[in-house]
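Number of protein chains: 2
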Amino acid sequence: MRWARYEKDGIHYGIVEGDRVVEIDTSPFDTWSRTSRTHALDAVRLLIPVVPTTFYCVGFNYAAHAAAFNKSVQGIPTQPDVGYRANSALIAPGEAIVIPADSAGVQYEGELAVVIGKTGKHVSEAEALSLVLGYTIGNDVSERVWQASDATLWRAKNADTFKPMGPWIETEVDLPSLVTRVRVNGEQTTEFRTNEMVFGVATYISTISRYITLRPGDVIWMGTEGSSVNLQHGDVVEIEIDQIGTLRNPVVAERMIS
Amino acid sequence: MRWARYEKDGIHYGIVEGDRVVEIDTSPFDTWSRTSRTHALDAVRLLIPVVPTTFYCVGFNYAAHAAAFNKSVQGIPTQPDVGYRANSALIAPGEAIVIPADSAGVQYEGELAVVIGKTGKHVSEAEALSLVLGYTIGNDVSERVWQASDATLWRAKNADTFKPMGPWIETEVDLPSLVTRVRVNGEQTTEFRTNEMVFGVATYISTISRYITLRPGDVIWMGTEGSSVNLQHGDVVEIEIDQIGTLRNPVVAERMIS
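Residue numbers (this note's numbering), protein chains in the order written: chain U, 1 to 258; chain B, 259 to 516.
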């Protein structure tokens, strides 16, 4: 099942069926019912599929990416380490990633995004995936110069527009078979097996829940593999994860629009 | 003016006047009107005074605290560095701080919390304070062993119950004259001039807004001074900032209650 969140005479959740969306009365995090309202998908404006209750993001969770960026003694992490991103940076499918005026350049990072549907604390790895409502796609846009100087990555990872998420939440996913592909202006620049993580989805859910209650609407971005190219004004970046969909955003330079 | 958020036949905002609260129809972040409903303050359950839209927290923003904890070459920061905390960790006045079962001990950090009331981007230091709705109090509860091992401080600063905030938002504050006092079981353990920061409120608002749009409901915790003592099961910790109020929370050990 695919859950879209969209604007059409207000903000609603709906179930994507083919090229249409069937509006529901509440949200996938509540008891819900279908309504009689349906729309063509291209007649609604897709929004971020969830406003995260808490927005987690995992770093250095793929071998080659960890090797490229993590210069400290540990290299590839030996234990799951959890980070955060800011809701202020989220943008919807189709909205523009803005390169800040004083930036030397920003890069994409295609990531699997896990959407939590149930409350859990002290959850074992065996039961962890039962907390998941579904999966969507995140683009963890990053400014590499600031990434080297910001201890907390606040600008480097959380400047306005740096967190595209969407296009919807897919509940039926076979994690081991997923492949993530990134295209810039239609040309593929990155491809990796989505689930070949240093620590997987179940491990992270279990680890977080040892200290923190996971709640419906929490979102965990699972990190990226490989390295990226600098995005330019006028580019269009697409992150595709088969079985889920494609997250597409144009790129503009602040200095060209302000 | 003092804005309380409370539960009494639903969740409401109200204006604290003496020992009573006057209910309003919306929130201080909207156009609002007084209603005819008033309650005795001790007949309502105070909640966290705002659910942060984005929850910022500044580290190493006082000289002695920076010297005690920041062992790296830079010592006292030479530029404002912005961090985040997780909404999942917030608890209201009176709710219990829980020491996790496998923790070696947690400590308080008494902090001024700035509540943003207006939207702003590229805000100068001169106009920064015009974005502020008011001030409340945060207790940035910290687990010092984990603080040394968690790169992102996720457990160290964001385990469940580690972020008490309240008791309300005070809009009329003379920043330079504020004093923060912490008491454990009624005995004062820490006292510092609240506004003697390395980088002040206006500097942080201006700095953040250079890259990130500040929005109504955003909250910025401004850091703490000095060092703390370990809290024990059965303790009561109070953070008082004169002109604002007192944030009081009991402490319990998870291993004593589970």
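Possibly wrong hints are sitting among the right ones.
Calculated pairs, DMTMM-like style, for lysine to aspartate or glutamate (alpha carbon to alpha carbon, straight line, at most 25 Å) [unchecked claim]:
no.: 1; chain 1: U; residue 1: K118; chain 2: B; residue 2: E512
no.: 2; chain 1: B; residue 1: K376; chain 2: B; residue 2: E281
no.: 3; chain 1: U; residue 1: K118; chain 2: B; residue 2: E449
no.: 4; chain 1: U; residue 1: K8; chain 2: U; residue 2: D30
no.: 5; chain 1: B; residue 1: K376; chain 2: U; residue 2: E254
Everything labelled a hint here was simulated from the structure, so no lab data went into it.
Hints and how they fare:
| no. | hint | result |
| --- | --- | --- |
| 1 | U:K118 - B:E512 | holds, 22 Å |
| 2 | B:K376 - B:E281 | holds, 22 Å |
| 3 | U:K118 - B:E449 | violated, 42 Å |
| 4 | U:K8 - U:D30 | holds, 20 Å |
| 5 | B:K376 - U:E254 | holds, 22 Å |
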